[in-house]
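Generate coordinates for the entire structure from the input sequences, incorporating the hints supplied.
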Amino acid sequence: MDELNDNVTVEDQEEYVEEIPGVITTTSMAINDFLKKTKAQDVINWGRKNSLWFMTQPMGCCGVEMIATGCAHYDTDRFGIIPRNSPRHADVMIISGYVTRKYLPALQKLWGQMAAPKWVICMGDCSISGGPFYESYSTVQNIDKMFPIDVFIPGCPPRPEALLQGFLELQKKIMAKKDHGTDY
Amino acid sequence: MDAKSIIDSLVNKFQDSLTDAKVDSDIRISAYLEPEMIKDVCQYLKDELAFDHLSSETAIDYPKRNEIVVVYHIASYNHPVLLTIKVKLPRDAPEIESIVPVYWNANWYERETYELFGVKFNNHPDLRQLVLPEELLGDWPLRKDYEGFPNRTARNLV
Numbered sequence: 001m002d003e004l005n006d007n008v009t010v011e012d013q014e015e016y017v018e019e020i021p022g023v024i025t026t027t028s029m030a031i032n033d034f035l036k037k038t039k040a041q042d043v044i045n046w047g048r049k050n051s052l053w054f055m056t057q058p059m060g061c062c063g064v065e066m067i068a069t070g071c072a073h074y075d076t077d078r079f080g081i082i083p084r085n086s087p088r089h090a091d092v093m094i095i096s097g098y099v100t101r102k103y104l105p106a107l108q109k110l111w112g113q114m115a116a117p118k119w120v121i122c123m124g125d126c127s128i129s130g131g132p133f134y135e136s137y138s139t140v141q142n143i144d145k146m147f148p149i150d151v152f153i154p155g156c157p158p159r160p161e162a163l164l165q166g167f168l169e170l171q172k173k174i175m176a177k178k179d180h181g182t183d184y
Numbered sequence: 001m002d003a004k005s006i007i008d009s010l011v012n013k014f015q016d017s018l019t020d021a022k023v024d025s026d027i028r029i030s031a032y033l034e035p036e037m038i039k040d041v042c043q044y045l046k047d048e049l050a051f052d053h054l055s056s057e058t059a060i061d062y063p064k065r066n067e068i069v070v071v072y073h074i075a076s077y078n079h080p081v082l083l084t085i086k087v088k089l090p091r092d093a094p095e096i097e098s099i100v101p102v103y104w105n106a107n108w109y110e111r112e113t114y115e116l117f118g119v120k121f122n123n124h125p126d127l128r129q130l131v132l133p134e135e136l137l138g139d140w141p142l143r144k145d146y147e148g149f150p151n152r153t154a155r156n157l158v
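Chains P and H supply the protein sequences, listed in that same order. So in this note's numbering, spot 180 of the first sequence is number 180, and the numbers just go up one at a time. So in this note's numbering, spot 54 of the second sequence is number 54, and the numbers just go up one at a time.
No lab work stands behind these hints, which were simulated from the structure alone. Any given hint could turn out to be false.
Claimed, not checked - Quick list of simulated restraints, FRET-style, between CB atoms:
#, chain 1, residue 1, chain 2, residue 2, range
1, P, Q165, H, W108, 37 to 47 Å
2, P, G112, H, I60, 54 to 64 Å
3, H, E135, P, Q165, 35 to 45 Å
4, P, K109, H, R155, 19 to 29 Å
5, P, Q108, H, T84, 36 to 46 Å
6, P, M146, H, Y62, 55 to 65 Å
7, P, V43, H, Y146, 37 to 47 Å
8, P, G155, H, S17, 48 to 58 Å
9, P, D33, H, E135, 38 to 48 Å
10, H, R155, P, I67, 43 to 53 Å
11, P, R101, H, S25, 37 to 47 Å
Glycine included, each C-beta is placed from N, C-alpha and C at the ideal position.
Here's what the structure looks like:
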């Protein structure tokens, strides 16, 4: 036993797991990685796709359509889509407008506050390519390089039905394990 | 009080510093002014001629003439005349006295003119950027020789 401890350095000791006969010790990350390879992930994804709570964070005129989608008329609750006011409750961030150079740090802060798993939806021409503010000095271009965007919804602004379809496409992506919210 | 009597009163009072004063129509008058007199003229307009409303304050960039022109639109609630004052400043170091002590609402106009054109307003109570992020200060985006526009960093998605 003494001989074994002499060989183990300080760095190795953190990863060194004492073996107990008949007991398998593991970590939660290892369990996650194992589950991703099994059918259990399908059940987890089924639960996740049916509770896509999005953050009420309007950034422009598309934000009005986003709020209208969350209202009673479209009844998004039947898909498990509920607007939330806090980034810590939300699963989906909708970039619903042009991103200025002044707003980008705030947007990244909100994105960092959201708990994983989380997804991004790009709503409207402004967030996709800049819209009428294309080539402006204060607009950030190539927003898809800064956030892992799953769904692009073109339109100026897209109707609430289009946003709903975007959510349904995101649900299909999650079920097909093709989304960017989880590392497979 | 009509446009003719207002411009006569102005020219009589500030005949050394006012140039090209003219009556454009019944309700529009305009004049060019020397930079150091702007606060005195505004005080006189407000006290004597009932110009109690500063409508706008902005600037125009003229790279070929090497000057930046600061434009003041001053109106009144008592008579229908609107006065346009233009002040020529050198383009490499534009500096002018702030008129915030006379018209308090010039505060944000001057901050915006400062961040977009780089015109420095002396004795302004709080001269910093209004809307632009801090790292853009010093680029002066609305000057004609600004190189950040058009911004062609976007990838071609097609």
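Comparing the hints with the structure gives:
1. Restraint check, Q165 (chain P) to W108 (chain H): a C-beta distance of roughly 43 Å satisfies the suggested window 37 to 47 Å.
2. Separation of G112 (chain P) from I60 (chain H) is about 42 Å and departs from the stated range, judged on CB atoms against 54 to 64 Å.
3. Roughly 38 Å separates the CB atoms of E135 (chain H) and Q165 (chain P), a value that falls within the hinted 35 to 45 Å.
4. A C-beta distance of roughly 25 Å is found between K109 (chain P) and R155 (chain H), which places it inside the suggested range of 19 to 29 Å.
5. With their beta carbons about 44 Å apart, Q108 (chain P) and T84 (chain H) fall inside the hinted range of 36 to 46 Å.
6. As the Cβ distance of M146 (chain P) to Y62 (chain H) is approximately 38 Å, the hint placing it in 55 to 65 Å is violated.
7. Between V43 (chain P) and Y146 (chain H) the beta carbons are some 56 Å apart, a value that contradicts the proposed interval 37 to 47 Å.
8. Checked against the given bound of 48 to 58 Å, the beta carbons of G155 (chain P) and S17 (chain H), roughly 56 Å apart, stay inside it.
9. For the pair D33 (chain P) and E135 (chain H), the beta carbons lie near 41 Å from each other, so the given range of 38 to 48 Å is met.
10. Taking the beta carbon of each, R155 (chain H) and I67 (chain P) are about 31 Å apart, not inside 43 to 53 Å as hinted.
11. In this structure the hint that R101 (chain P) and S25 (chain H) lie 37 to 47 Å apart at CB holds, the actual value being about 42 Å.
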